[in-house]
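As a plain string of letters, each chain reads:
Protein chains: 2
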Amino acid sequence: MNGAESLINALAEHGVDACFANPGTSEMQLVAALDKQPGIRAVLCLFEGVVTGAADGYGRMADKPALTLLHLGPGFANGIANLHNAQRARSPILNMVGDHAASHLKHDAPLTSDIEGLATPVSRTFQVSESADRLAQTGLNALAASLHYPGSISTFVVPADHAWTDIAPPSYQLPAIQRVSEADTTITEIGDQLKAAANSCLFLGGRALRAEALHQAGRIAAATGCRLVTETFFARQSRGVGRVPTERLAYFGEAAIEQLAGIDLMVLVGAKAPVSFFAYPDKPSVLAPQSATELTLADAESDALDALTRLADYLGAQDNPDVVSEFAQYPLREGHIDASELGKVIANRLPENAIVCDEGATNSLGAFLLTANAAPHDWLTLTGGAIGQGLPLAIGAAIACPDQKIIALEADGSGMYTVQALWTMVREQLDITVVLLNNRSYAILNIELSRVGVEAPGPTALSLLDLSNPDLEWTNIATGMGMRALKVDTVNGLDQAMSEAMVTTGPLLIEVLL
Amino acid sequence: MNGAESLINALAEHGVDACFANPGTSEMQLVAALDKQPGIRAVLCLFEGVVTGAADGYGRMADKPALTLLHLGPGFANGIANLHNAQRARSPILNMVGDHAASHLKHDAPLTSDIEGLATPVSRTFQVSESADRLAQTGLNALAASLHYPGSISTFVVPADHAWTDIAPPSYQLPAIQRVSEADTTITEIGDQLKAAANSCLFLGGRALRAEALHQAGRIAAATGCRLVTETFFARQSRGVGRVPTERLAYFGEAAIEQLAGIDLMVLVGAKAPVSFFAYPDKPSVLAPQSATELTLADAESDALDALTRLADYLGAQDNPDVVSEFAQYPLREGHIDASELGKVIANRLPENAIVCDEGATNSLGAFLLTANAAPHDWLTLTGGAIGQGLPLAIGAAIACPDQKIIALEADGSGMYTVQALWTMVREQLDITVVLLNNRSYAILNIELSRVGVEAPGPTALSLLDLSNPDLEWTNIATGMGMRALKVDTVNGLDQAMSEAMVTTGPLLIEVLL
Numbered sequence: 001m002n003g004a005e006s007l008i009n010a011l012a013e014h015g016v017d018a019c020f021a022n023p024g025t026s027e028m029q030l031v032a033a034l035d036k037q038p039g040i041r042a043v044l045c046l047f048e049g050v051v052t053g054a055a056d057g058y059g060r061m062a063d064k065p066a067l068t069l070l071h072l073g074p075g076f077a078n079g080i081a082n083l084h085n086a087q088r089a090r091s092p093i094l095n096m097v098g099d100h101a102a103s104h105l106k107h108d109a110p111l112t113s114d115i116e117g118l119a120t121p122v123s124r125t126f127q128v129s130e131s132a133d134r135l136a137q138t139g140l141n142a143l144a145a146s147l148h149y150p151g152s153i154s155t156f157v158v159p160a161d162h163a164w165t166d167i168a169p170p171s172y173q174l175p176a177i178q179r180v181s182e183a184d185t186t187i188t189e190i191g192d193q194l195k196a197a198a199n200s201c202l203f204l205g206g207r208a209l210r211a212e213a214l215h216q217a218g219r220i221a222a223a224t225g226c227r228l229v230t231e232t233f234f235a236r237q238s239r240g241v242g243r244v245p246t247e248r249l250a251y252f253g254e255a256a257i258e259q260l261a262g263i264d265l266m267v268l269v270g271a272k273a274p275v276s277f278f279a280y281p282d283k284p285s286v287l288a289p290q291s292a293t294e295l296t297l298a299d300a301e302s303d304a305l306d307a308l309t310r311l312a313d314y315l316g317a318q319d320n321p322d323v324v325s326e327f328a329q330y331p332l333r334e335g336h337i338d339a340s341e342l343g344k345v346i347a348n349r350l351p352e353n354a355i356v357c358d359e360g361a362t363n364s365l366g367a368f369l370l371t372a373n374a375a376p377h378d379w380l381t382l383t384g385g386a387i388g389q390g391l392p393l394a395i396g397a398a399i400a401c402p403d404q405k406i407i408a409l410e411a412d413g414s415g416m417y418t419v420q421a422l423w424t425m426v427r428e429q430l431d432i433t434v435v436l437l438n439n440r441s442y443a444i445l446n447i448e449l450s451r452v453g454v455e456a457p458g459p460t461a462l463s464l465l466d467l468s469n470p471d472l473e474w475t476n477i478a479t480g481m482g483m484r485a486l487k488v489d490t491v492n493g494l495d496q497a498m499s500e501a502m503v504t505t506g507p508l509l510i511e512v513l514l
Numbered sequence: 001m002n003g004a005e006s007l008i009n010a011l012a013e014h015g016v017d018a019c020f021a022n023p024g025t026s027e028m029q030l031v032a033a034l035d036k037q038p039g040i041r042a043v044l045c046l047f048e049g050v051v052t053g054a055a056d057g058y059g060r061m062a063d064k065p066a067l068t069l070l071h072l073g074p075g076f077a078n079g080i081a082n083l084h085n086a087q088r089a090r091s092p093i094l095n096m097v098g099d100h101a102a103s104h105l106k107h108d109a110p111l112t113s114d115i116e117g118l119a120t121p122v123s124r125t126f127q128v129s130e131s132a133d134r135l136a137q138t139g140l141n142a143l144a145a146s147l148h149y150p151g152s153i154s155t156f157v158v159p160a161d162h163a164w165t166d167i168a169p170p171s172y173q174l175p176a177i178q179r180v181s182e183a184d185t186t187i188t189e190i191g192d193q194l195k196a197a198a199n200s201c202l203f204l205g206g207r208a209l210r211a212e213a214l215h216q217a218g219r220i221a222a223a224t225g226c227r228l229v230t231e232t233f234f235a236r237q238s239r240g241v242g243r244v245p246t247e248r249l250a251y252f253g254e255a256a257i258e259q260l261a262g263i264d265l266m267v268l269v270g271a272k273a274p275v276s277f278f279a280y281p282d283k284p285s286v287l288a289p290q291s292a293t294e295l296t297l298a299d300a301e302s303d304a305l306d307a308l309t310r311l312a313d314y315l316g317a318q319d320n321p322d323v324v325s326e327f328a329q330y331p332l333r334e335g336h337i338d339a340s341e342l343g344k345v346i347a348n349r350l351p352e353n354a355i356v357c358d359e360g361a362t363n364s365l366g367a368f369l370l371t372a373n374a375a376p377h378d379w380l381t382l383t384g385g386a387i388g389q390g391l392p393l394a395i396g397a398a399i400a401c402p403d404q405k406i407i408a409l410e411a412d413g414s415g416m417y418t419v420q421a422l423w424t425m426v427r428e429q430l431d432i433t434v435v436l437l438n439n440r441s442y443a444i445l446n447i448e449l450s451r452v453g454v455e456a457p458g459p460t461a462l463s464l465l466d467l468s469n470p471d472l473e474w475t476n477i478a479t480g481m482g483m484r485a486l487k488v489d490t491v492n493g494l495d496q497a498m499s500e501a502m503v504t505t506g507p508l509l510i511e512v513l514l
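So the protein sequences, as listed, match chains A and B. All residue numbers for the first sequence refer to our numbering, where the first residue is 1 and numbers rise by one. All residue numbers for the second sequence refer to our numbering, where the first residue is 1 and numbers rise by one.
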């Protein structure tokens, strides 16, 4: 066997079963090794931002890493923005980056680049293979690091000669993976303060938003009267009928400050204290009241379910929450589509166990709010603010959960960043419905322009925020990548399209003119 | 005025006249300042790889930098691959990156990132604005650095509060820009060795491939009998009727070694000694004969035209080269299109002063060879190997040279990386003909798979190199971005399409089925 085969086999033996790939010449031996390994599903993406965004979606749903296959520094670089988002989501990802043969590096050939420099800002660990013999162990070290709770990004470099060199079958071992639990004193102190507080909340993020953890949070709310507030942008939240409902913190700072006004105790669970997304002249960055006490029950790297369960038990909470979401069906208004009607259609039609990948920007909030009372589902958001995440995320979720319907709520401006994702959805025949929200502008920026104090913008400013001239015709773009596509501009048309899409399988794009 | 206005005004005063932009909230004040500055053409791109690739094309043709406008670390990251190419092309580029207000950074909001870490690998200089008062000077320092001969990438960061803070009109000054000339002793030594050598070549790259420099190289060839060999991937070469012809070094190492066999003296002018693009098992990285003497007449940062002129004069060379290219018209073969017939059509139809942006990969070599005898033109190549450069490069060339026809020879696989470029071509009504070479595969990788010794690849390996299933329909993709598009699959059809495209203006995509 060669080094590449030893590596790919070791990863497959230890549970890696998906690889999102955009290989080049220096990765041909890795491609050949994947070819011989039936345990890993290799998925070609036509741009590296799709690769890393898909790995993020896979990691959020599978709670284990997908492998990526990237071509030297520039290939890695194209994936950085979605790795930034994945880092904020604390998704496990295992980046495998090909590089020149070690002996070739000194010649500074055109593709030679500072891979370590590029990778470090978005990788918890970075390693370069030392030899063909040690390549499999390097891969397993990176795999173990990526499983650091709740997940992290590991990047390792495979010099081409380590991949192609023949070796004897090497020995290797997956390093142990540890998980942090909170001390008993933390639990009791926070429990006592919650009992004493008049207006408290749990501020929930990360793994605290999974169904079981929310169940425990609901017990705590029943025992103490605390509110359950979530991060504005979370990796994954279990929602819908039977789940414990939460309040999502508002995006705009003014609204968030108003939402948190009067809170005297904020208990952080899997989340940091909330801050505004951007700074604005003369507005505060910190959103909780200055007078509020902030206590950390579990930081992002501590076991949130364990801490919530122990806290609920310490409080002597009843076994079940007082409040869980109930089903609601929303009557539709006929006519043009707006965020509210869109939300009603999505909520009404959402099938059980659906996964919603939300990069709908200004127009998806209605759908988020109304689906609180839809069938049970998972909701995934844009955690790092780097747009172009939604379509790739849907790919990864679909590969991780092939029996669940994926809905990608995608804005036109964001969708264009990684539009190549549509092709992979078709190639892999993934069960994804892309609901493409086409308002022909970077609508959020038109709002922001006035919020930062720019009055009476002129034609240049407006043109930089406008996506018309020419109009993007998403049905044509999708068809060009082999994807079936419909265009709707009435509530009834949208409802019919969604009705069909939710009961059939396979990739479909519904372009929604707003 | 505010800091943003002082900066944009200072840059416009010092010759910056184009800005490729993909702004976000933290750049709204810069957008507003551009809005008030009629001297800078602001061009919206729907993805940052288009921004930086366009800036590369602009820099290669204008010999001065375009400004880019990028949104924090993730926005910069999306532009890195094409900055890598631009760095290899030694293009002047001035990257302006917005960031959070300085006071907001410590809160680690979702878009906070290590901009310096990401920027350093692809920037010659990196600076962060110190204050609103000094922002204009920071911009001018970066501008001066980008003009370091023959050009380099300068990146500077604009914290949002420096942009929005009101200031008194500041004073500022463009730092001096120096250019390196070779010492007289270098000229005379190389001249003497060239006279004595039996089988010498000039190995030309960078600015040595402009028409005037090639004229001097032609004089040297006439005086000494040396060959004129160029880099495989050069930033810009003046070619066609009346220009001094050159030999382009072959891409594959074996062919390059054969091409250089017997050379006893290689004189480097604006280029480093040639090395193979990738390493392969048991094949050398260095391509020139071990026995050859290598001398540097001008490295990439020395004035190549000056050095060549002085060398020709020292040699007592005649005023004009012996050989310049003459016009040839190629008869076409009817039927399906291959690289050779494609090349003939391009060569026959190329209008005077055209600019060819070549990312045609396996299928553009024929066009390159045959256009040696076409109308005078410039040829731009993929200098850094990071695909996704061609379409953005064409945008930048078109903005720099609005009266010249641009031909983007683009491969299907490469084109998908920055497909969003088509939209900007339409928005700006650029005179670009995209000749999209659709062979429905990463053809180069199929070749490379066997070259690295992979025999009998299976279905997984083949699927990772294959772009069919589904087929990319480029006419649909282009139409979806508002671009007129034709599909041709015969030589005659291609010839008719090119004939029309070359005598009309405006954006057009011709999808060529190969």
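If you're looking for bench data, these hints aren't it; they were derived computationally from the structure. Careful: at least some of the hints might be erroneous.
Said to hold, decoys possible - Within a straight-line C-alpha distance of at most 25 Å, the following computed DSS-like cross-link-like pairs (lysine-lysine) qualify: (1) A:Lys-283 <-> B:Lys-106; (2) B:Lys-272 <-> A:Lys-272; (3) A:Lys-106 <-> B:Lys-272.
- prompt: Regarding the pair A:Lys-106 and B:Lys-272, is the alpha-carbon distance no greater than 25 Å?
  reply: Judged against 25 Å, a Cα distance of about 13 Å means the pair holds.
field: Distance restraint between A:Lys-283 and B:Lys-106, which requires alpha-carbon spacing of 25 Å or less
entry: holds (15 Å)
message: Run the distance test for B:Lys-272 versus A:Lys-272: straight-line Cα separation, threshold 25 Å.
response: Not satisfied, since the Cα-Cα distance of roughly 51 Å exceeds 25 Å.
The structure does not agree with numbered hint 2 stated previously, though it agrees with all others.
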